[in-house]
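The opening position of the sequence shown corresponds to residue 1 in my numbering, with each subsequent residue numbered one higher.
Just so you know, these hints were derived from the structure itself, not from any lab.
Honestly, I wouldn't trust all of these hints.
[Said to hold, decoys possible] Quick list of the computed label-pair ranges, beta carbon to beta carbon:
1) 87 with 144: 30 to 40 Å
2) 60 with 91: 20 to 30 Å
3) 164 with 86: 46 to 56 Å
4) 112 with 63: 41 to 51 Å
Note that CB positions come from ideal geometry on N, CA and C, so glycine has one too.
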Amino acid sequence: MKPLDTVLAAHRAYLLGWNIGPVGGPDLATYRSDVPHPTLNGVLRVTGRTPQDALLEARQRLHGVPRVWWVGPDSDPGTADGLVSLGAVEFARLPIMTAVIDEAADEPAPAGLHIAETTDLAAFVRAYARVSGIPTDGVAATIEREKAFSGDGTVIRLAGRLDDGRVVGTAVAWLSHGLVTLYFVGTQPEQRRKGIGAAMTTAALRLASERGARTAALTSSPIGESVYRRLGFRPVGEFRVLTF
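With the hints as constraints, model all of the structure from the sequences given.
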């Protein structure tokens with residue numbers, strides 16, 4: 001199992017792959033995609049900076065886009081509370097979860113679902129945008145940022161399609177820092193409760209194992225935590241997610 005600081009470094013590396021803004025230092029790591037969706041712009045880490053100084057500089061870098069602050073174990077203690085005292089609103093506490101891939105449960109795909117790597121970014125992005133809340137007018141920008149993604153690792157995009165070709169499930173497997181981190185694991189609303197999300201996760205873990213990864217990590221939404229626990233993921237930390 002990889003240590004938590006490696007898991008956090010891989011998470012930062014993925015989101016920095018979306019960045020088209022100034023490259024910040026480790027004391028204030030920010031990323032700006034210009035996609036009009038909060039989690040695709042934000043602050044990843046604050047160390048050695050007062051919340052006031054960090055807020056002032058982050059606002060300059062991220063002006064004009066919706067954004068979030070990820071305050072996790074790689075930020076200084078007290079950062080989240082300091083930001084709240086400056087007017088931030090905490091809207092989620094998200095568990096950071098990891099699993100040993102070889103020990104994870106194997107969830108078969110439901111009948112009629114075909115999971116494979118995809119290069120059809122238009123269909124893939126439209127599918128995860130609908131689940132993630134990316135607005136329709138932000139889909140084109142998201143597709144362009146996916147095309148131009150430049151991170152310290154390898155992105156593998158998995159699409160779950162029905163027999164008629166519709167993309168009903170998505171997953172991004174991010175291979176970096178010796179592990180796989182999962183993003184955009186989602187199921188179209190009308191197809192939920194059929195095991196698609198679990199099957200997408202299993203497929204991503206299998207593929208990562210074939211490419212040498214032994215540890216998997218993700219940041220879970222409340223709706224997904226029970227599924228990931230069933231598959232063998234366990235919490236190792238937490239992000240407090242804030243916005244102004």
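A quick look at each hint next to the structure:
no., hint, result
1, 87 with 144: 30 to 40 Å, "holds (33 Å)"
2, 60 with 91: 20 to 30 Å, "holds (23 Å)"
3, 164 with 86: 46 to 56 Å, "holds (51 Å)"
4, 112 with 63: 41 to 51 Å, "holds (47 Å)"
When each numbered hint is compared with the structure, no violation occurs for any of them.
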